[in-house]
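Undergrad: The lines below spell out each chain.
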Amino acid sequence: MTVLPDGVSVDAEDGETVLRALSRAGLRYRVGCRRGGCGICKVRLVLGEVAYERPIATTVLSDEERIEGICLSCRAIPITSIAIELQEGDRLRKVLGFAFPA
Amino acid sequence: MSVMRLGFVHIRVTDLEEARNHYSNTMGMKVVHEEPGKLWLKCWDEYDHHSLVLEEGGVGLVKLGYKVQTKDDLERYEKRAQQFGCTTGRVSAGENLTVGDGVAISVPSGHRVELYDEIEYVGTDTGALNPDPWPRDGRGIAAHWIDHALVAADDPGLLERFFTEALDFHVAERAITNISHPEVLGSWMACGESPHDIAVIKGPDAKLHHFAFHLEDWNAILRAGDIMSMDDVSVDIGPTRHGITRGTTIYFFDPSGNRNEVFAGLGYRTFPDFPTVNWTEDQLAKGIVYISRELNEAFTTVFT
Ligand code: FES
Ligand SMILES: [Fe+2]
Numbered sequence: 020m021t022v023l024p025d026g027v028s029v030d031a032e033d034g035e036t037v038l039r040a041l042s043r044a045g046l047r048y049r050v051g052c053r054r055g056g057c058g059i060c061k062v063r064l065v066l067g068e069v070a071y072e073r074p075i076a077t078t079v080l081s082d083e084e085r086i087e088g089i090c091l092s093c094r095a096i097p098i099t100s101i102a103i104e105l106q107e108g109d110r111l112r113k114v115l116g117f118a119f120p121a
Numbered sequence: 002m003s004v005m006r007l008g009f010v011h012i013r014v015t016d017l018e019e020a021r022n023h024y025s026n027t028m029g030m031k032v033v034h035e036e037p038g039k040l041w042l043k044c045w046d047e048y049d050h051h052s053l054v055l056e057e058g059g060v061g062l063v064k065l066g067y068k069v070q071t072k073d074d075l076e077r078y079e080k081r082a083q084q085f086g087c088t089t090g091r092v093s094a095g096e097n098l099t100v101g102d103g104v105a106i107s108v109p110s111g112h113r114v115e116l117y118d119e120i121e122y123v124g125t126d127t128g129a130l131n132p133d134p135w136p137r138d139g140r141g142i143a144a145h146w147i148d149h150a151l152v153a154a155d156d157p158g159l160l161e162r163f164f165t166e167a168l169d170f171h172v173a174e175r176a177i178t179n180i181s182h183p184e185v186l187g188s189w190m191a192c193g194e195s196p197h198d199i200a201v202i203k204g205p206d207a208k209l210h211h212f213a214f215h216l217e218d219w220n221a222i223l224r225a226g227d228i229m230s231m232d233d234v235s236v237d238i239g240p241t242r243h244g245i246t247r248g249t250t251i252y253f254f255d256p257s258g259n260r261n262e263v264f265a266g267l268g269y270r271t272f273p274d275f276p277t278v279n280w281t282e283d284q285l286a287k288g289i290v291y292i293s294r295e296l297n298e299a300f301t302t303v304f305t
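Sequence lines, in order, name chains A and B.
Counting along the first sequence from 1, when you hit position 96 you're at 115 in this note's numbering, and nothing is skipped either side.
Counting along the second sequence from 1, when you hit position 138 you're at 139 in this note's numbering, and nothing is skipped either side.
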């Protein structure tokens, strides 16, 4: 998957959420509960498709948002190659300096 | 008599089985009753029938139950809530499992608070006759009891007025913008002598920030942190100490994203004449996380 605006590419394993794949790569971005409850981790799905294995409350992610391509990155599992765009003002941050070549 | 304590928390969870695992195996509560889509639980050191209701579907708070001592208290607080301008209603016995007649109040922040004076007594796991200090079969964190809740309100000052003027709570600590223009940003209020039974911070109306479990001491907080790692619990902040209340703490999330806290240390007692402690906005991070003095973004943005 590709993360905009940084343009960084990361491999996600089968069944892995967007959040987990990015964490595993030593990258951080804006998240809250990491458990699908707060909506802080929303990103825009620019390309590709994601699926949810757990129920998502409509108070957290509305149907309109889904149609607009907003996804809950702590629960969304890529099922194709995807590109996502972080929220305005958010950027990827490297927490493991050696882990990922910027 | 004043309100006695936070008696029960009723929340929504997206997946009941994951929630059951978290609250029973990780937190150590016992499931005391279940129906399709709903669970009732209690902690080992609690003697009332239940202190937590989990309802499948969505996230966030359904209501908070506060226990009072007598029927007269129910009537008096119902009247005073109405005088304050709140909508109230009656709750009949049995609407909440094993709970007697009660009063429902829609408080100024839009949360539903219910007062009741009767609930089935079941006793603690150690009993009330020559008891051991803790049960040998405690699971996971083995939390003692549900201690307090922190809710969000668009106007925390108004909610503070409601709890103090209508329900006789007193303010242990308060967060304000600054001394010259003291707009209330947060308030920690007690009905008994513990530092807080309800707290409010500025945020979206009707939302929950967290509810907290009481643990014995700082060592128990560390042990709880270890168990959270073993069980892959999403941790928000801590272990650390709060400047406000002096309690030691970890904030974390249940599997649906509702924030929990483990909280230890009765930092002081709040008698009715306790002089309110104030924190100014510029020092608020220290008030909340005393050691690092730095709040993460999630603390003020994540509500369910
Ligand atoms: S971080 Fe809370 S919903 Fe994703
Ligand atoms: Fe708390």
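Simulated from the structure, these hints should not be mistaken for lab results.
Be careful, since some hints might not be right.
Said to hold, decoys possible - The following label-pair restraints were derived from C-beta to C-beta distances:
1. Arg-73(A) - Trp-219(B): 46 to 56 angstroms
2. Gln-106(A) - Leu-130(B): 50 to 60 angstroms
3. Tyr-71(A) - Lys-80(B): 44 to 54 angstroms
4. Thr-301(B) - Asp-25(A): 33 to 43 angstroms
5. Tyr-71(A) - Gly-90(B): 34 to 44 angstroms
Claimed, not checked - Some, not all, of what chain A presents toward chain B, calculated at C-beta under 7 angstroms:
6. Ala-44
7. Arg-47
8. Gly-51
9. Arg-53
10. Cys-57
11. Leu-66
12. Pro-74
13. Ala-102
To be verified - Taking lysine to aspartate or glutamate and the DMTMM-like style, the derived pairs with C-alpha atoms no more than 20 angstroms apart in a straight line are:
14. Lys-31(B) - Asp-133(B)
15. Lys-203(B) - Asp-118(B)
16. Lys-61(A) - Asp-118(B)
17. Lys-39(B) - Asp-74(B)
18. Lys-72(B) - Asp-118(B)
19. Lys-64(B) - Asp-133(B)
20. Lys-113(A) - Asp-155(B)
21. Lys-61(A) - Asp-283(B)
22. Lys-287(B) - Asp-227(B)
Ideal placement from N, C-alpha and C gives every residue a C-beta, glycine not left out.
Undergrad: Now tell me if each hint is right for this structure.
TA: Evaluation of the provided hints:
Between Arg-73(A) and Trp-219(B) the beta carbons are some 34 angstroms apart, a value that contradicts the proposed interval 46 to 56 angstroms. With their beta carbons about 58 angstroms apart, Gln-106(A) and Leu-130(B) fall inside the hinted range of 50 to 60 angstroms. Roughly 48 angstroms separates the CB atoms of Tyr-71(A) and Lys-80(B), a value that falls within the hinted 44 to 54 angstroms. Between Thr-301(B) and Asp-25(A) the Cβ separation comes to about 25 angstroms, which falls outside the hinted range of 33 to 43 angstroms.
At about 37 angstroms, the beta-carbon gap between Tyr-71(A) and Gly-90(B) stays in the expected band of 34 to 44 angstroms. At about 19 angstroms, the closest approach between the beta carbon of Ala-44(A) and any beta carbon in chain B exceeds 7 angstroms, and the interface hint on this residue is violated. Against a cut-off of 7 angstroms between C-beta atoms, the interface hint on Arg-47(A) is violated, since the closest Cβ of chain B lies about 11 angstroms away. Because the closest C-beta pair between Gly-51(A) and chain B is about 4 angstroms apart, less than 7 angstroms, the hint holds.
Using the Cβ-Cβ criterion of 7 angstroms, the hint placing Arg-53(A) at the interface with chain B is satisfied: the shortest such distance is roughly 4 angstroms. The beta carbon of Cys-57(A) is positioned within 7 angstroms of a beta carbon in chain B (closest approach about 4 angstroms), and the interface hint is therefore held. At a threshold of 7 angstroms, the smallest CB-CB gap from Leu-66(A) to chain B is about 27 angstroms, leaving the interface hint violated. Interface hint status for Pro-74(A): upheld, as the beta-carbon distance to the closest one in chain B is roughly 5 angstroms, under 7 angstroms.
Residue-level restraint check for Ala-102(A) is violated (minimum Cβ-Cβ distance to chain B is 24 angstroms; threshold 7 angstroms). A C-alpha spacing of about 18 angstroms is found between Lys-31(B) and Asp-133(B), which places the hinted pair at or below 20 angstroms, so the restraint holds. The straight-line distance between the Cα atoms of Lys-203(B) and Asp-118(B) is roughly 30 angstroms, outside the 20 angstroms bound, and the hint therefore fails. Distance check on the hinted pair: Lys-61(A) and Asp-118(B) sit about 43 angstroms apart at the alpha-carbon level, beyond 20 angstroms; violated.
For the suggested pair Lys-39(B) and Asp-74(B), the alpha carbons sit about 30 angstroms apart, so the restraint of at most 20 angstroms is broken. Taking the CA atoms of Lys-72(B) and Asp-118(B), the gap is near 7 angstroms; set against the 20 angstroms cutoff, the hint holds. This hinted pair does not check out: Lys-64(B) and Asp-133(B) have alpha carbons roughly 34 angstroms apart, beyond 20 angstroms. In summary, the hint linking Lys-113(A) to Asp-155(B) is not supported, as the alpha carbons are separated by about 35 angstroms, beyond the 20 angstroms threshold.
Taking the CA atoms of Lys-61(A) and Asp-283(B), the gap is about 29 angstroms. The hint is violated against a cut of 20 angstroms. Of the pairs offered as hints, the one joining Lys-287(B) and Asp-227(B) is violated, with about 25 angstroms between alpha carbons and a cut-off of 20 angstroms exceeded.
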